[in-house]
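Engineer: Next come the chains, spelled out residue by residue.
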Amino acid sequence: MLCQNCGKNEANIRYTQIINGDKKEIALCSKCAKKLGVDELELPINFNSFLGDFFNDYAETEFLPMLQTNELKCKTCGMTYSDFINTGVFGCSDCYEVFSNPIDSLLKNLHGTAKHVGRLPNGKAEKIEIEQPQKENKANSEESDKENKKKNLERDLEKAIKEERYEDAAKIRDEIKEMNK
Amino acid sequence: MNWYLQSGKDSDVIISSRVRLSRNIEGVPFVQKCNEEELRSINSKLKEIVPSIGYGLKFIDLKDLDEISKQTLVEKHLISPEFAKSKNPYSAIIINDEENICIVVNEEDHIKIQVFSSGLEVENLINLAIEIDQTMEKLIPYSFNKKYGYLTACPTNVGTGLKVSVLAHLPALTITGNIRKVLNAVNNLGMNLRGMYGEGSKVEGDLYQISNNQTLGVTEKEITKNLKLISQKVIEQERLARKFLAKKSVDLEDKVYRDFGVLSNAVKLSENETPEFISSVKLGTDLGIISELNDTKVAKLMLETKPASIQKRVGKLLSIEEQEIERAKIVKLIIKEDE
Ligand SMILES: [Zn+2]
Ligand SMILES: [Zn+2]
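Those protein sequence lines, which keep their order, are chains Y and H. For what it's worth, my numbering labels the leading residue of the first sequence as 4, then goes sequentially. For what it's worth, my numbering labels the leading residue of the second sequence as 2, then goes sequentially.
Note that these hints are calculated values from the structure, not bench results. Just so you know, not all the hints are guaranteed correct.
As the list claims (entries may be wrong) - Partial list, derived from the structure: chain Y residues whose beta carbon lies under 7 Å from chain H:
hint: 1; residue: Met4
hint: 2; residue: Cys32
hint: 3; residue: Val92
hint: 4; residue: Lys118
hint: 5; residue: His119
hint: 6; residue: Gly121
hint: 7; residue: Ile131
hint: 8; residue: Ile133
hint: 9; residue: Arg168
Claimed, not checked - Cβ-to-Cβ under 7 Å is the rule here; a few derived chain Y residues that face chain H:
hint: 10; residue: Tyr99
hint: 11; residue: His114
hint: 12; residue: Thr116
hint: 13; residue: Pro124
hint: 14; residue: Lys130
hint: 15; residue: Tyr169
From the three backbone atoms N, C-alpha and C, an ideal C-beta is built for every residue, glycine too.
Looking at chain Y on its own, in the form it has when it is part of the complex (with noise of 0.2 Å):
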């Protein structure tokens, strides 16, 4: 894992951090460890002024100067980025497109993307199953390829008869008879 500081070394160092009795911790890396003044484990310290400095050391690397940063402002609720970066919590909606750009980088810093993949409001939602990790070695990965491709095509029609689409039923039934064969 990188550090979650500089997102460029390798974290050697996990830190622990304590808000309001809550533990949460963060990975560092030696260097962003000293720099931050955290190179000893499950240290106490307040959570906000270090989740500002945070944001603070990135603002600072990655782009604009800070000075123009901070005097952001979200017309809708009143948030400066200074304000965001004191709290570590937006002030309302509007908040993630006036601050899109710096936020950006620390997205990625956060999550390793700024780009929601999920769910979309009033989507169809398909209910989530997991297969099981395969155990078989290669030589059997064909094989559990089959299996796997059976067990889909079983969903599809199981599907596909529960919607009444029974056109489609039937070539998925006849695909599944295919492959017993």
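Starting from the known structure of chain Y, fit chain H with the ligands onto it as the hints suggest.
Structural biologist: Chain H with the ligands alone, transformed into the frame defined by chain Y:
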């Protein structure tokens, strides 16, 4: 029987699972920037839609709960300690009798949908959470952005707004000195494994929480799947460590029965020492060494010996010493209880 007293899948290691979705209402500032009127309207909007959500959910204003009841919810991990202390008069919870669904209103975000189960049960939970979410989004428009997904006050939750977590009991990894290794391995995989701390810095009762860090740029299925895979790895490691301990069976038997002896006989039990004894007798029970207990009894021991639960049971506030005496009585009762 409520979910937290039931025995679930892999419950020798995984005590419970939780799925959480953070949501905000479109066009309303996040809680921190809300004025009184906006907070009131969020509260009444949610109160209004509760009957349409179903699941036997009831709306309860936090200010209508007494201190002990709030702390009991904290002890069951249904609400956070900070939320229990909230001064916001429009904070509320939406909860059912089974207490496996608890929606928190006006905490950091407007809405926090939470569902719970004993054991390792993340798939059923994620599907239930999404089902509730879909019902709710038809009744309230959520704040959503194409690029960033579901918007949350804190950028650490944005995107899916999804946190999946499990509470794991890892005594053998702790006793054998392997817990650090596992901690590092899990954290290096982008998941968060941390000890559940009580008073002070000691991990209480060998309990650890595993949860996802990433909420953006990853699908709900990926989050759930990764968490399940990592939990299974941890389970595997813990069971290996238990097998190793079982080789020195006389020592292990001696330790768990000594601790069982204290629980069965002590006249006073402190809040700090009790989780350690319970951790030990749970291990003994899961390994079949102690036949006097079972999963439900162990779950009861873990929950009903916490300070607020004791006082709730007695029905009045107790001094620390009174709590310690009461705790010892409750433990004895649970141990002797008939199935
Ligand atoms: Zn670094
Ligand atoms: Zn704003």
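Engineer: All hints are to be evaluated individually against the structure, with a verdict given for each.
Structural biologist: We went through each hint and held it up to the structure:
1. Met4: This interface hint holds because 5 Å falls under the 7 Å limit.
2. Cys32: Where the cut-off is 7 Å and the nearest Cβ of chain H is about 13 Å from Cys32/Y, the hint is violated.
3. Val92: Where the cut-off is 7 Å and the nearest Cβ of chain H is about 4 Å from Val92/Y, the hint holds.
4. Lys118: 6 Å, holds
5. His119: 3 Å, holds
6. Gly121: 4 Å, holds
7. Ile131: 5 Å, holds
8. Ile133: Holds, about 5 Å.
9. Arg168: 22 Å, violated
10. Tyr99: 5 Å, holds
11. His114: Holds - the Cβ of His114/Y comes within 7 Å of chain H, reaching about 4 Å at its closest.
12. Thr116: 3 Å, holds
13. Pro124: 5 Å, holds
14. Lys130: 6 Å, holds
15. Tyr169: Violated, because the Cβ-Cβ distance from Tyr169/Y to chain H comes to roughly 27 Å (cut-off 7 Å).
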